[in-house]
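Student: On the provided structure of chain V, position chain Z as indicated by the hints.
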Amino acid sequence: MDAQKQLFREEAYELLTVLEGALLDLEQNPGDGENIGKVFRAMHTLKGSGAMFGFDDIAAFTHTIETVYNMVRDGELAVTQELVSLTLKACDQIRAMLDASLTDSTADTSRTAVLAKEFQKYIPAGDNDDTQENGNGHRESSSAPQARLMTYRIRFSPHRDLFANGTNPIPLLNELKGMGECTMSCSVQDLPELQEMDPEACYASWDIILTTSAGEDVIRGIFIFVEDISDLSLEVIQNGTAFDSDIEYKKVGEILLDRGVISQDDLDKALGSQKRIGEVLLDEGMVDRAQIGSALAEQEQIRAIRKKRAAVEESSSIRVPAPKLDDLVNLVGELVTIQARLTQHAAQRDDPDLVGIAEEVERLSSALRDIAMGIRMLPIGTLFSKYKRLVRDLSHELNKDIGLVMEGEETELDKAMIDKLSDPLVHLIRNCIDHGIESTSERVASGKLSQGTITVSARHSGAYVLISITDDGKGLDTEAIRAKAVEKGLIPPDATLDEHEIQGLIFVPGFSTSSAVTSVSGRGVGMDVVKTGIEGLGGRVEISSAKGHGTTITLKLPLTLAIIDGLLVAIGNEFFIIPLGVVVECVDLTADDIKHAHGRQLIKVREEIIPYINLRRHFGLTSERPPIEQVVITELGGFRIGFVVDKVVGQHQTVIKNLGRMLKEIDGVSGATIMGDGTVALILDVNKLVGQAEVGEATASNGAGAQAGLKMTSSINKSAA
Amino acid sequence: MGRTILSVDDSASIRQMVMFTLTKEGYTVVEAVDGRDALDKVKATPVDMVITDLNMPHVDGIDLIQALRADPAFKFVPIVMLTTENTAERKDAGKHAGATGWIVKPFKPEQLVAVVKKLLG
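As given, the protein sequences belong to chains V and Z, one line each in that order.
Under the numbering used here, the first residue of the first sequence is numbered 1, with each subsequent residue one higher.
Under the numbering used here, the first residue of the second sequence is numbered 1001, with each subsequent residue one higher.
Hints listed in this document are in silico derivations from the structure and should not be mistaken for laboratory results.
C-beta atoms are modelled at their ideal positions from N, C-alpha and C, and glycine is treated no differently.
Just so you know, nobody snuck in bad clues.
Simulated crosslink set (DMTMM-like; lysine to aspartate or glutamate; CA at most 20 Å straight-line):
| hint | chain 1 | residue 1 | chain 2 | residue 2 |
| --- | --- | --- | --- | --- |
| 1 | Z | K1108 | V | E175 |
| 2 | Z | K1117 | V | D217 |
| 3 | V | K386 | V | E409 |
| 4 | Z | K1075 | V | D198 |
| 5 | Z | K1075 | V | E200 |
Calculated from the model, a selection of chain Z residues having no Cβ within reach of chain V, i.e. all distances over 10 Å:
| hint | residue |
| --- | --- |
| 6 | K1024 |
| 7 | E1025 |
| 8 | L1039 |
| 9 | D1040 |
| 10 | D1063 |
| 11 | A1070 |
Pulled out of the complex, with its shape left as it was, chain V reads as follows (with noise of 0.2 Å):
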């Protein structure tokens, strides 16, 4: 049962996002029967299956709301802003509701029912009834079962018209059978002559003895769909002996005998010969050729029928929890890695079966790969409806005229990365709504629409999907930009930056444009937070602005979290990996290098300084120091930072595995991987890295130097040099 409830659950959360866009919709467009029709469905499903699966609150509540939006179906009522806002916070609350089903508390009851309230003025007084009885076609037994046996004389008598419902005797018949020990005749002593026959009328009728311990309304309940096209008289007698017999009719012979067609002699004596039975019946003009077609379509007919449900069962779709499919693609993921081993292996030997049986094993696992990884696709337009939402709420809040256009909803992406971008794209469309569209008065001003568009869209590119966020607003002031990032410190006052370079200070952490704290965007976080995000799933962020005709912001994501490119280093024996998404370069670390830096952890690359961490002392290895080291310089959130390793072994196809709950605390580390020969490699968590190098390095140094270094974005480096 828990398992169904879950379903519910996912499945009200489905229709909660349905239920949403259908009103909002429908707030523009207050006519539009689709959508009234959508929403009264979506209440009446929550109503329904909320029963179902015992969230009775959810069913009780929905049910007024129902009952309102079937009036408004029926055209008794119309759709008003209110009411639009008032269902929405329906909504809140039914979602409330789920959640509060999870940790099996319950929403804020009295919330509930002030919203009941306020949908229950809709409706009309008298109109309102809410009394739910019982009363399934299977009737449970009203009397204590009893424990004595009673002996029933029934008597069926169907009315002529018994098949035109649907309605087949012999499963009610059969039903009565399993009830205790029974017999029954059929009497056909009202079947007319062939040419005054219905084909479809039923001219039988039968009578039943039937011992049970069941009582007479059970009995009755038996035939409760027909009891208004057939007359049932039940009487009770005393005794009655009983016999039952049930064979299974698989065999041509047996179906023709079962039939009547042949008596059993008939058939034994077809059996002892050594032709086929429908033969042996045919020469001795025991049955017509029509009798045996009939018999074997009816053993065609059940083979047909297992067919489709082999058919059935090939082309229906099933809900899997995502950890298995998880595990799956960990499986997956390791079964390539072992095939490149395997590869690499035969190739080594020089021995042409073995490269053929490698070359065979990659083709499969590649297939298997690409399989096991779209199903974890799903089209990124689930999250994308979110934000109609948002934009509905914020731009109402903000007073402006604001519409969001959705484009490319259908690209698919994994799972797991719809989820974590999720936070980031609020992020930014909040910004957009509040610092990239200006007020109705200022568009109107400049010419421009009255109301504000933003444009959310996918599209894929090779191995990335590209998010955009545009919208129609005023676009990056550069000027300002520029001199807030002076006043911030964040920049020199005589930098040099060209318009690109400006636009990408509005990523350099302690940027904000907005001087006022709004209660939209601006709540101390910053738009760096967005990039880092964006970067720690190995994606990047780029920004480009028109002054005066808007922003647009791209991401550049990977498909998938599961297999990231990655750069792979060494120290001493231990291997890690580094995404290869982050890394700039990799420069050589000569112990000159270590002398002129007078004990700060710090190199020049080109005129640029650049931190570095030691690997080796960060992770208190042991292994013996090489005379030349590596230092790979990455790039994140803006600044550029180096880790110094042993040697750069080079590029690897990352499977990424989770460290599991024992050390998943630990910093610094995302996860790992198992590379072809079974070494652990371990995955570096390049933002923690740096976060805790920061702090390191903000309490070890005495000012200047390591820290400043880090601060400082490596564009502005660049262009101060």
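Tutor: Just chain Z, lined up with the frame of chain V:
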């Protein structure tokens, strides 16, 4: 013996419950998300029984029952309606359209099985 049942409901959780319950009983269940989908599905797959919700988008349950009954292939196929309203009018409307029986939501899996067995055996 595998009998095929068409489960028509716009609620995935109800469909899932019907599927789960009836598959366990040895029936084959085909799903349709509304009346229109159901009419498409029966073109491709003959079914032995139909269990349909009444309130659905595109083609609702009553219309579906009428459409199926008008089809000679469905003249004698049992059709059960799932209804949230347990009123005589609702049942009569369904029976008038040609429904064989009804199940009132919320229902327990055992009730569903009982009704299916009653009509299909």
